[in-house]
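Peer 1: All residue numbers for the sequence shown refer to our numbering, where the first residue is 1 and numbers rise by one.
To be clear, the hints were calculated from the coordinates, so they are not data collected in a lab. Values in this document were obtained by computation on a predicted structure and should not be read as measured data. Note that CB positions come from ideal geometry on N, CA and C, so glycine has one too. Hints may be right or wrong, so weigh each one.
Distance ranges between label pairs, derived from CB positions [stated by the list, open to error]:
| no. | residue 1 | residue 2 | range |
| --- | --- | --- | --- |
| 1 | L207 | S291 | 38 to 46 Å |
| 2 | R105 | H303 | 24 to 32 Å |
| 3 | L255 | R105 | 33 to 41 Å |
| 4 | L278 | G56 | 31 to 39 Å |
| 5 | R243 | Q59 | 35 to 43 Å |
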Amino acid sequence: MARARLTLPLLTCCLALTPLSLKAQRRLRVMEWNVENLFDTKHDTLKNDYEFLPEGERQWTPTRYWQKQRDVARVIMAVGGDSPPDLVALCEVENDRCLNDLTTRSNLRTLRYRYVMTDSPDLRGIDVALLYQPQSFQLIDYEAKRVPSLEAGLNPTRDILHAWGLVEGGDTLHVVVCHFPSRTQGRKGDKNRLLAARTLRELLDTLGSGRRLLVMGDFNAAPHDRIFRKLGDIVIDLAPRSRRPAEGTYRYKGLWSWIDHILVSEPLLVKVAPKLRLYTAPWLQDWYAKSGWYPRRTYKGTHYSGGASDHVPIYCDIIFGQ
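Please construct the entire structure, taking both the sequences and the accompanying hints into account.
Peer 2: Below is the structure:
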C-alpha cells in the first residue's frame with residue numbers, strides 16, 4: 001500500500017491551523033541549590049576560610065574538593081534531563097576559582113556554561129552565582145546589590161546578584177539570586193535578614209512588577225515568614241503552602257523546612273509549568289531507621305560525610321511562546 005503524502009500547499013495549511021508548533025514553545029528550566037560550602041583548598045586573603053584548607057579543622061583536601069565538584073556537576077546534569085538547565089542559581093560558593101573549575105574542569109565542561117557571581121564582604125567569603133546557557137539566556141549585564149549590614153551595626157552578608165538577558169522571543173528576563181543571613185545568628189540574624197529583604201524589595205521596586213522577574217535563593221525562611229510579605233505584591237513564591245511532613249529543602253533536628261525558594265512576577269507566573277519540584281535522587285540521601293532520610297551532606301559538624309550538600313535542589317520550567 002502506498003503511503004499518503006502531503007503536498008506542499010496542504011502541509012502549509014495544516015501548519016497554519018496549528019495553534020502553537022512545538023518549535024514555537026521554548027522550555028526554560030531554572031534551578032536553585034545551596035551547595036553547602038563549595039570552597040577551594042587555598043586561603044583567600046582577609047577571609048575566614050581556614051577550616052576549609054587541607055591543614056584546617058575539616059581537612060579539606062583537593063581529593064575532597066574534586067569529589068564535591070563532580071557531585072555538583074552530576075546533580076545539575078541530572079536535573080536538566082534531556083538538556084541542561086538553562087539557569088542555575090548557586091548559593092555558598094567561595095570564589096571565581098570554584099566556578100571556573102565547575103564549568104571548565106568538571107563534567108559540566110561539555111555543556112559550555114557561563115556564569116556571573118558576586119564578590120561580597122561576607123566574613124567567610126561565600127557568595128552567590130548564576131550559571132547560564134548563552135544560547136537560551138543572552139546576558140546583557142549584571143550587578144551586585146550590597147546589603148547595608150555594616151551601616152546597621154550587623155555582620156556583613158552576601159550581596160544580591162541581579163542579571164538580565166534576552167530569552168525566547170526577544171523578551172528581557174531579570175534574574176535575582178540571593179542568600180539571606182542564617183537563623184543561627186539569633187536576633188541580629190533576624191534584623192539582618194529583614195534588611196536583606198528590604199534591599200531586595202528596593203531592587204524589585206526599581207524594576208517594577210510588570211517585568212519578567214525571576215528570584216531564586218536560600219532565604220533561610222519558610223514560605224509563611226514575614227519577609228515574603230514584603231515581596232508578595234511584586235513576586236509570587238512557588239513553594240507549596242501545604243506539604244507533606246517529610247518534604248522540604250532543608251532538615252534540621254529532624255524537622256523539614258522549605259527555605260530555598262523560586263519566586264516569579266505575574267507575567268511569568270502563567271508560564272510556569274507545572275510547579276516547583278524537588279530533586280531527591282537516592283544517592284543524595286542518608287536513611288535512618290527511626291527518622292527517615294536526610295540530604296547527604298558534605299560534613300556533619302567537622303566529620304566528613306562525603307555527600308553533595310545539606311540542601312535539596314529545586315527547579316521548575318518556564319514556557320515561552322505561549
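Peer 1: Could you work out which earlier hints the structure fails to respect and list their numbers in ascending sequence?
Peer 2: Violated hints: none at all, because every hint is consistent with the structure.
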